[in-house]
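Number of protein chains: 2
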Amino acid sequence: MDWNVDKCAERILLKDRSSLARAITLIESSKKQDRILAKELLAKLGNPKEHKLRLGITGPPGVGKSSLIEKLGMNFIEQNLSVAVLSIDPSSQLHGGSILGDKSRMLDLSRQVAAFIRPSPSGLHLGGTARSTQDTIQLLEAAGFDVIMIETVGIGQSEISIFHISDLALMLVQPGAGDDLQNIKKGVMEWADFFVISKADGTTKELAENTYQDLVHSLPGNSENSIHKKQIFKSSIEDKESIQTIAKAVWQHWESLKSTEQLKHKRNLQQADYFFYHWAENFKEHLLFDQNFVNQLNTCREQLKIGAISREEAMNLLIRFTFAV
Amino acid sequence: MDWNVDKCAERILLKDRSSLARAITLIESSKKQDRILAKELLAKLGNPKEHKLRLGITGPPGVGKSSLIEKLGMNFIEQNLSVAVLSIDPSSQLHGGSILGDKSRMLDLSRQVAAFIRPSPSGLHLGGTARSTQDTIQLLEAAGFDVIMIETVGIGQSEISIFHISDLALMLVQPGAGDDLQNIKKGVMEWADFFVISKADGTTKELAENTYQDLVHSLPGNSENSIHKKQIFKSSIEDKESIQTIAKAVWQHWESLKSTEQLKHKRNLQQADYFFYHWAENFKEHLLFDQNFVNQLNTCREQLKIGAISREEAMNLLIRFTFAV
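Residue numbers (the numbering used here), protein chains in the order written: chain B, 1 to 325; chain A, 1001 to 1325.
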């Protein structure tokens, strides 16, 4: 294998696209050899010199997430910031494939030297995705991207999970979402920092304005004198100013967050939560890397196939084998 | 606690509804005490005296699964067969709740003494659902229901998983599904035993007929001289005869399956596959029942919260603690 951890790490620090792509593929792999290389690479890269903005962007399918990400990304690049985009698709396990598109959706942004777009992995198991997303973000931060945008389709719990990996979260809302607003989970309402009504132009302009007003009046906490008020915007990809306003607000919020202990605290909490909810996936991986365990697992499976033991007995056998003292 | 395993088992053998409901709630619980009681109960009930039909019914939302299940159920009851209906919702983890309705959808059937309808559990984790579905089916079989219908919404992998728990599987197809037919996963096409086009009446009658013809010509294997040809039907809940035809075909297929070694073989394979794909969930449960492990898990979480250790270090600590020799 001509792959070299030191060289790859060097090139990643130069934001070399093909090295980044290769490293992420390695991170997403569940093969033992790849996992070892990925760990080596991440260790080599070490902790990023400074914190970089992890901006989570969520919303229902068709609301215009990719368009907003492209426009926001272009705006950041105009401010001499480098941008990475990561799409995660928590539903790929159920739907058997990605429901997000790929980088061809973000044509302008993908042409920028300072931008790196990673499409959603498809066909991955949920566990793999959760683990590899954490590692990929760490990689992109080590590579020095100023803004890492993480796009996810909003469906129930996945909206919550984006808050476990972003410093700031933006929720994109469909004009006329009206009744849907009540369906937005309370948790999302509380966690998101920015709400953006999309398509505030043409035939949906008035509808967007109404939804904007609805949101302004229904958001919890905004009536109180809270320090970090949730901010609500209307956006139109035709209207550069609307994008600029959002990008500016995001960056200001980020700078103020970075200047306090709050960011470090938030990230520590995220790591703790991630660990608490996902340890079992790592255990599973750990066990499947052990050939003795795999042999025992296969033996149990074969015994079940011929009806020699019951499911309960097979499980007890495997548990005794694994946790024997 | 006034709950008594012996008494509950007795009542379950009499198909007492409230005892059945209570037992299933116990089976679905992830509490340690409940799990112990559930295991005791299942052990007490033992293996069913004879195999009972496990009929899986899948199809997209809105295709008419509940209506067909109700009509089929009523037909089986007219033949003096007892019927249990179990709804499983593999998407509840993502959507944070059930997308299936409840027994109020099957009014006629729910009024029958010989019928038991268990609505989908909501808010359960996928793992819990998979494990508890297996145990619930075992319970219903031990209770002596002649037909156990298992309803699931067809979304990608969940369609496959219904084949892991049913003896026979019926796929309900929307009239005019045309293009969708190509989207039906190859696996489903191969696994399902019956295809039923719904709504073959009124304004959708012709469309249903066309879809029927499409299916007849596109199903793999049906051109060959296979022993168990896949059977294709049109159904209308207004047309009792169409339901009767399906019920009869299902029962005939079941009787021929039961009379061979094939059924035992199929169920053994299912148990083996289930075990192979779900062992990690049982391991997780096993570990979480151990207070020492939980304490260690919480310690790691707290250390992460204050940033004292990294995620990698926390995972290594927990792995060493658990698998130490």
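Simulated from the structure, these hints should not be mistaken for laboratory data.
Treat the hints with caution; some may be incorrect.
Claimed, not checked - Chain A residues, not near chain B, derived (Cβ > 10 Å throughout):
hint, residue
1, R1017
2, D1146
3, G1176
4, Q1213
5, S1218
6, A1247
7, A1249
8, W1251
9, S1259
10, K1264
11, A1280
12, Q1291
Unchecked claim - Straight-line C-alpha distance at most 20 Å; calculated EDC-like pairs for lysine to aspartate or glutamate:
hint, chain 1, residue 1, chain 2, residue 2
13, A, K1229, A, E1206
14, A, K1044, B, E313
15, B, K266, A, D1214
16, A, K1284, B, E190
17, A, K1032, B, E313
All of these numbers come straight from a predicted model, not from anything done at the bench.
We put the CB at the ideal spot given by N, CA and C, even for glycine.
For the pair we were handed, K1044 of chain A and E313 of chain B, check the Cα-Cα distance against 20 Å.
16 Å, holds
Mind checking the alpha carbons of K266 of chain B and D1214 of chain A for me, to see if they're no more than 20 Å apart?
Violated, at roughly 56 Å.
Beyond 10 Å from chain B, beta-carbon-wise, is G1176 of chain A?
About 22 Å separates G1176 of chain A from the closest Cβ of chain B, which puts it past 10 Å; holds.
Beyond 10 Å from chain B, beta-carbon-wise, is W1251 of chain A?
25 Å, holds
10 Å Cβ clearance of A1247 of chain A from chain B
About 30 Å separates A1247 of chain A from the closest Cβ of chain B, which puts it past 10 Å; holds.
Assertion that D1146 of chain A lies farther than 10 Å from chain B (Cβ)
23 Å, holds
Any Cβ of chain B at or closer than 10 Å to Q1291 of chain A, or is the non-interface label fine?
Given that every Cβ of chain B is farther than 10 Å from that of Q1291 of chain A, nearest at about 15 Å, it holds.
With d taken as the least Cβ-Cβ distance between R1017 of chain A and chain B, does d exceed 10 Å?
The claim holds: R1017 of chain A sits with its nearest Cβ about 27 Å from chain B, beyond 10 Å.
Assertion that K1264 of chain A lies outside the chain B interface [Cβ separation over 10 Å]:
The claim is violated: K1264 of chain A sits with its nearest Cβ about 7 Å from chain B, within 10 Å.
For S1259 of chain A, which was marked as not at the interface, is the minimum beta-carbon distance to chain B over 10 Å?
18 Å, holds
Since A1280 of chain A was said not to touch the interface, does its Cβ keep a gap of more than 10 Å from each Cβ of chain B?
Its Cβ does come within 10 Å of chain B, the nearest being 4 Å, so this is violated.
For Q1213 of chain A, is the shortest beta carbon distance to chain B beyond 10 Å?
Label holds. Min Cβ-Cβ 28 Å, cutoff 10 Å.
Of the numbered hints listed earlier, those contradicted by the structure are 10, 11, 13, 15 and 16.
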